[in-house]
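2 protein chains.
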Amino acid sequence: MAKEVAVVVTDLVEDVEYTEPVEAIKAAGHNVTTIGFEEGTVEGKHGTKITIDKSIADVKPEDFDALFIPGGFSPDQLRADQRFVDFTKVFLAKNKLTASICHGPQLMIQTGLVHGRTMTSYLTVQPDLYYAGARIEDESVVIDGNLITSREPKDIPAFNEAVVKALA
Amino acid sequence: MAKEVAVVVTDLVEDVEYTEPVEAIKAAGHNVTTIGFEEGTVEGKHGTKITIDKSIADVKPEDFDALFIPGGFSPDQLRADQRFVDFTKVFLAKNKLTASICHGPQLMIQTGLVHGRTMTSYLTVQPDLYYAGARIEDESVVIDGNLITSREPKDIPAFNEAVVKALA
Numbered sequence: 001m002a003k004e005v006a007v008v009v010t011d012l013v014e015d016v017e018y019t020e021p022v023e024a025i026k027a028a029g030h031n032v033t034t035i036g037f038e039e040g041t042v043e044g045k046h047g048t049k050i051t052i053d054k055s056i057a058d059v060k061p062e063d064f065d066a067l068f069i070p071g072g073f074s075p076d077q078l079r080a081d082q083r084f085v086d087f088t089k090v091f092l093a094k095n096k097l098t099a100s101i102c103h104g105p106q107l108m109i110q111t112g113l114v115h116g117r118t119m120t121s122y123l124t125v126q127p128d129l130y131y132a133g134a135r136i137e138d139e140s141v142v143i144d145g146n147l148i149t150s151r152e153p154k155d156i157p158a159f160n161e162a163v164v165k166a167l168a
Numbered sequence: 169m170a171k172e173v174a175v176v177v178t179d180l181v182e183d184v185e186y187t188e189p190v191e192a193i194k195a196a197g198h199n200v201t202t203i204g205f206e207e208g209t210v211e212g213k214h215g216t217k218i219t220i221d222k223s224i225a226d227v228k229p230e231d232f233d234a235l236f237i238p239g240g241f242s243p244d245q246l247r248a249d250q251r252f253v254d255f256t257k258v259f260l261a262k263n264k265l266t267a268s269i270c271h272g273p274q275l276m277i278q279t280g281l282v283h284g285r286t287m288t289s290y291l292t293v294q295p296d297l298y299y300a301g302a303r304i305e306d307e308s309v310v311i312d313g314n315l316i317t318s319r320e321p322k323d324i325p326a327f328n329e330a331v332v333k334a335l336a
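So the protein lines, in turn, are chains D and V. When we follow my numbering, the leftmost residue of the first sequence carries the number 1, and every step to the right adds one. When we follow my numbering, the leftmost residue of the second sequence carries the number 169, and every step to the right adds one.
Excised from the complex, chain D in its bound form (with noise of 0.2 Å):
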């Protein structure tokens, strides 16, 4: 059965990162809506025009099965925007899929909800994760529970495959 999966992105994403990920979870059937601060275009860090559907103020979480969080100097921008953090914050508190990459789970610690969990992010962030309470692996993709984590491009295959098998 098809999700819905609900991708949070502004300018200076890691392409690649929301790229690949965007096109196994739609190869895999499921649906993505990508969210930024408002409908229109935004630019990764390699120049990659992304089309944001929607903006965060016409969105609920309640309308999505999975939260996905790509990493580069995106996920810094979103969580200065309180909307944002609640609206990863509902994912991690009922439990629902949320997965992100490299500098994605910048975005988690705002919403005070990683203690404890088991993670992994790019290597600048890993000492914020742990002072924030969660527990680091440095491995290409770490799974607790409904939360999947990576840390860099390099494990996006392995990324992709944790996803689409959460997903299905």
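What the hints contain is simulated information worked out from the structure, not anything from laboratory work. Heads up, the beta-carbon is just placed ideally off N, CA and C, and yes, glycines get one too. Some clues are possibly wrong.
Unchecked claim - Short, incomplete list of chain D residues facing chain V, as computed with Cβ under 10 Å:
#	residue
1	F37
2	Q110
3	L123
4	T124
As the list claims (entries may be wrong) - Straight-line distance between alpha carbons at most 27 Å, and here's what the computed DSS-like set of lysine-lysine pairs gives:
#	chain 1	residue 1	chain 2	residue 2
5	V	K322	D	K45
6	D	K96	D	K54
7	V	K213	D	K154
8	V	K213	D	K49
9	V	K194	D	K45
10	D	K49	V	K322
As the list claims (entries may be wrong) - Beyond 10 Å from chain V on every Cβ pair, some chain D residues (computed):
#	residue
11	A2
12	L12
13	V22
14	H30
15	D58
16	R117
17	K165
Could you slot chain V onto chain D? The hints should help.
Here is chain V on its own, set in the frame of chain D:
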């Protein structure tokens, strides 16, 4: 007496958080050495070209009286390189003047030395610092002994005043 000030920076720094404090420090008669991954030029978020005087490979903390870390997306890239973390750690551990604005304190988290310090930073980094054990104040400039921190571009005048006073 002129002080030697190290500034650590790379691409996507918040332009004015580099240019304006550097101008103020030089205007007060001090010497600035801009340090990056390698000699050459980097580019700020808004296109400012910044000359890197020295590679991190060619400097020692003991050659400097103070360290300044501008913000933007520069500090998160610097903290991926242990040489910048070790460089920063010496200033904090030896209680030398350490000043940073916006995302700059991200680089300090990796040193393990923010615990118990009173600081501020850009909004998004405040929880990271809190979890790392710092006490956060939401003020334009926070002075804790030789540690001076500010939040964002609008705090630059107060930041510059504090840094120039501390260098005097």
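Verification of the supplied hints:
1. Because the beta carbon of F37/D sits about 14 Å from the nearest beta carbon in chain V, more than 10 Å, this interface hint is broken.
2. With 10 Å as the threshold, the beta carbon of Q110/D comes within range of chain V, its nearest partner Cβ sitting at about 6 Å, so the hint holds.
3. Hint status for L123/D: holds, given a least beta-carbon distance of 6 Å to chain V, under 10 Å.
4. For T124/D, the shortest C-beta to C-beta distance to chain V is roughly 5 Å, which falls under 10 Å, so the interface hint holds.
5. With a C-alpha separation of about 26 Å, the suggested pair K322/V and K45/D falls inside the 27 Å cut-off, and the hint holds.
6. Among the hinted pairs, K96/D with K54/D is consistent with the structure: their alpha-carbon atoms are about 20 Å apart, no more than 27 Å.
7. At roughly 26 Å between alpha-carbon atoms, K213/V and K154/D fall within 27 Å of each other, so this suggested pair holds.
8. With a C-alpha separation of about 18 Å, the suggested pairing of K213/V with K49/D holds against the 27 Å cut-off.
9. With a C-alpha separation of about 33 Å, the suggested pair K194/V and K45/D falls outside the 27 Å cut-off, and the hint is violated.
10. For the given pair, K49/D sits about 31 Å from K322/V by alpha-carbon distance, which is inconsistent with the 27 Å threshold.
11. With a closest Cβ-Cβ approach of about 34 Å to chain V, A2/D is found to remain outside the 10 Å limit, as its non-interface label requires.
12. With 10 Å as the threshold on Cβ separation, the claim that L12/D sits away from chain V is violated: the shortest Cβ distance comes to roughly 7 Å.
13. With a least CB separation of 23 Å from chain V, V22/D remains clear of the 10 Å interface cut-off, as annotated.
14. Non-interface call for H30/D relative to chain V: holds, since the shortest CB-CB distance, roughly 30 Å, exceeds 10 Å.
15. With a minimum CB-CB distance of about 23 Å to chain V, D58/D clears the 10 Å threshold, and the non-interface call stands.
16. Remark: the non-interface label on R117/D is consistent with the geometry, its nearest Cβ contact in chain V lying 14 Å away (cut-off 10 Å).
17. Every CB of chain V lies more than 10 Å from the CB of K165/D, the least distance being 30 Å, so the non-interface label holds.
Violated hints, in rising order: 1, 9, 10 and 12; the structure is consistent with all others.
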